[in-house]
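Protein sequences appear in the order of chains A and B. Residues 144 to 238 in the numbering used here are what the first sequence spells out, letter by letter. Residues 30 to 520 in the numbering used here are what the second sequence spells out, letter by letter.
Hints may contain errors.
[Unchecked claim] Below, in silico cross-link-like pairs of lysine to any residue (SDA-like), each with a Cα-Cα straight-line distance of 25 Å or less:
no., chain 1, residue 1, chain 2, residue 2
1, B, Lys336, A, Gln183
2, B, Lys113, A, Asp217
3, B, Lys269, A, Ser197
4, B, Lys269, A, Asn222
5, B, Lys113, A, Gly213
6, B, Lys419, A, Pro194
7, B, Lys269, A, Asn211
8, B, Lys122, A, Val187
9, B, Lys412, A, Gly213
10, A, Lys205, B, Gly265
11, B, Lys418, A, Asp190
12, B, Lys412, A, Thr226
13, B, Lys419, A, Thr150
14, A, Lys204, B, Tyr131
15, A, Lys205, B, Lys419
16, B, Lys418, A, Pro200
17, B, Lys298, B, Gly265
18, B, Lys122, A, Glu164
19, B, Lys298, B, Gly449
20, B, Lys418, A, Thr226
21, B, Lys412, A, Glu186
22, B, Lys122, A, Ala223
23, B, Lys447, A, Gln183
24, A, Lys204, B, Val274
25, B, Lys418, A, Asn222
Quick caveat, the hints were computed from the structure, so don't treat them as lab data.
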Amino acid sequence: MSVDAATVRRIAHLARIAVAEAEVPHLQGELNAMLAFVEQLSEVNVDGVEPMTSVTPMEMKKRPDVINDGEITDDVVRNAPDTVNHFFLVPKVVE
Amino acid sequence: MTDLISMTIAEARNGLANKSFTSLELTDAHLAAIEAARALNAFVLETPDKARAMARAIDAKIAKGEGGPLAGIPLGIKDLFATKDVRTTACSKILGNFVPPYESTVTSQLWRDGAVMLGKLNNDEFAMGSSNETSCFGPVVNPWRREGSNTSLVPGGSSGGSASAVAALLCMGATATDTGGSIRQPAAFTATVGVKPTYGRCSRWGIVAFASSLDQAGPIARTVRDAAILMRSMAGHDPKDTTSVDRAVPDYEAAIGKSVKGMKIGIPKEYRLDGMPAEVEKLWTEGAAWLKAAGAELVEISLPHTKYALPAYYIVAPAEASSNLARYDGVRYGLRVPGRSIGEMYENTRAEGFGDEVRRRVMIGTYVLSAGYYDAYYLRAQKVRTLIKKDFEDCFAKGVNAILTPATPSAAFGVGEKGGADPVEMYLNDIFTVTVNMAGLPGIAVPAGKDAQGLPLGLQLIGRPFDEETLFSLGEVVEQAAGRFTPARWW
C-alpha cells in the first residue's frame, strides 16, 4: 500500500501537525518508503495468532480508590504557556 | 587529580569508603572534564551547583558512616528522565523550558542511594533515532575516531549523550532508555556496557514516553560490574507504574565472576546477515569461543521471525508514539505557537515543535491506527510480535540460558552519513537489538573488539525474562576475554 498527496494531508490533519503544501511530496516519499519497508509483514501467516496486548503476562493492578494527591495547583500550571487564576488559557472555542 | 575520572564505580566506591578522596573532589574532577569536553555536545544542561551541593551532603553522610550503595558517585542523566526543578526537554523544542515539579522514580532511587547528578545528557528527540542527530540541541560527537582521521562520528542513539559521556570519562555512569536498541547500540559504538532490562524491571514513571510497551530504562557504564551496581539501584517495583513488576531486586553484582559452566548459549542462525562485515562475523565467532572456553555449551538455534521484528517495530512504536505525543498541544506545558483557532494553535505548535523524524513517526503512527488501516497494519504487527516472542520462548524451553549475537551490524558511522535520503537506512542499525524489545527480554551490550579502522564493536547477550544476573555473569566473561577499550583523548 502507498499513500497519495491527499492522504498525506489527511494524516497531517489527523495528527494535528500543520504541513506546508511544498512539504507534501517530500513527506509522501518518506512515508511510502516506510510503508514499503513494513510491507513484508504481509507474507507472515498470522492465522489464529493472538495479537500481543501485554509484553509480560501480568494481571492488571488496581489501586485503592482513595485521594492520594492534590493541593498542587501551582505545580500543575507552572509550566503552562498561558494561564490566568490557575486556568489554562486557549483561543476561544465557543462563539 | 585527573585519574579520579578514569576509575570505575567499583574503584571509586572503595576510595570514598576508605577516605582516599571525597565525593566533592570526585565531582569537581568530573565537572572540569565536562567543561573541557563541550566539543562532544554530550551534556545539554550542566548542573555544577546542584552537583556540588549533593556531593557535600553525601560527604557529610559518608563521614557519619551512612552512605548508601552509590554514595558520592557522580552520574549523568539522559534528558528523557524528569528531574525535579531541573529542565527536562527530551531534546525536543516542543518541551521548551519544561521544569518538572517531580522526579522520575528511577532517578529518585539513584539519589536515595547517594549518587550525585552532574547534569542532563543529550539524546535523539523523544529517543527517536539511532545516531543522536535528531536532538534539537544538535548531534553528539563520539569520542572515538577512525585511526588517522578527524571525521566526527556519531555515538549511536538514542542514548548518544549517555554513551559518549561515559566513554569520554565525563561521568562514571549514566541513565539511558531503550525502545529498540537505544542503550545497546550506542554502548556498542562507544565501547561501553549497556543494559536493557526486562520489560517491567525498572519503573517508567517520570520518563518521557515514546512507545510505552517497549520503553525500558537501564544503565550505561564502563564495566559490566559498574552496570550491575547501577542496575540494582535503578530496578524495583513502583506502584505508580502499573507495568512495573513486584519482584525482589537481586544483588546483580553478586553475579559477576559466577561460573557460566554448563550454560547453554544459543547462536541464532537468522542473525547471520548477507553482507555482514567480516569483522562483525569474526567477533561473533570469537565471543562464542570465549564463552566455550569458560565452560558454556554453544548450540545453534533458530528464531524464524527475526527478519519481521524491525518492520513490526516500525508499526508498533510509531503507533504508540503518535498516541503518547498527542499530549503536546501547547496548552499545559512547553512551546505554544499561536493560531486563529484552537485547532490551528495545535497544528502550528506541533509543526514548529516536532523535528522531522518525530513528525514522520507521529504521522506513520497516525496512519496505521486510522480507520480502515488498523487491522492491516497495527493488528497484524501485534500478531507478528506474538510470533517473535514465541520464537524466544521456544528456545528458552529447550534449555537455552542466553543468546549471543552481534550488537550492531557495523561500527560507528560519520555524522550526516546515513538516513538522508531514506529513513529506513538508519532504522537498520537496530536490526539485532529490536527483537529484544519486541519480546520484552533483557539484553546487554559488551565491548568485544575493534574493526580494521580502530572503532569499537560490541556483542549482545539476550536473556530469559528477569534473568539479568545470567547476562552479568556472561558479560563479565566477555569483558575479561576482550579487555577494556578507551578512546584516545583529542577533545
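task = Compare the distance between the alpha carbons of Lys419/B and Pro194/A with 25 Å, and conclude whether the hinted pair is satisfied.
result = holds (12 Å)
query = Are Lys336/B and Gln183/A close enough, with their CA atoms no more than 25 Å apart?
reply = holds (9 Å)
Hint consistency between Lys113/B and Gly213/A [alpha-carbon to alpha-carbon, up to 25 Å] = holds (17 Å)
query = Are Lys418/B and Pro200/A close enough, with their CA atoms no more than 25 Å apart?
reply = Distance of about 12 Å is within 25 Å: holds.
key: Hinted pair Lys418/B and Thr226/A, Cα distance within 25 Å   = Violated. Lys418/B to Thr226/A sits at ~47 Å, over the 25 Å cutoff.
inquiry  = Holds or violated: Lys447/B and Gln183/A, Cα atoms, limit 25 Å.
reply    = holds (23 Å)
ask   = Is the hinted pair Lys204/A and Tyr131/B satisfied, with a Cα-Cα distance of at most 25 Å?
value = holds (23 Å)
Hint consistency between Lys418/B and Asn222/A [alpha-carbon to alpha-carbon, up to 25 Å] = Violated, at about 41 Å.
request  = For the pair we were handed, Lys298/B and Gly449/B, check the Cα-Cα distance against 25 Å.
outcome  = violated (31 Å)
ask   = CA of Lys122/B to CA of Val187/A, is that 25 Å or under?
value = At roughly 39 Å apart (the allowed maximum being 25 Å), Val187/A and Lys122/B break the hint.
query = If you draw a straight line from the CA of Lys269/B to the CA of Ser197/A, is it 25 Å or shorter?
reply = Holds, because 18 Å separates the two Cα atoms, which is no more than 25 Å.
query = Has the given pair, Lys412/B with Glu186/A, been kept, meaning a C-alpha gap of at most 25 Å?
reply = Between Lys412/B and Glu186/A the Cα gap is close to 13 Å, so the pair holds against 25 Å.
In summary, the structure is inconsistent with hints 8, 9, 12, 13, 15, 17, 19, 20, 25 from the numbered list given earlier, while agreeing with the others.
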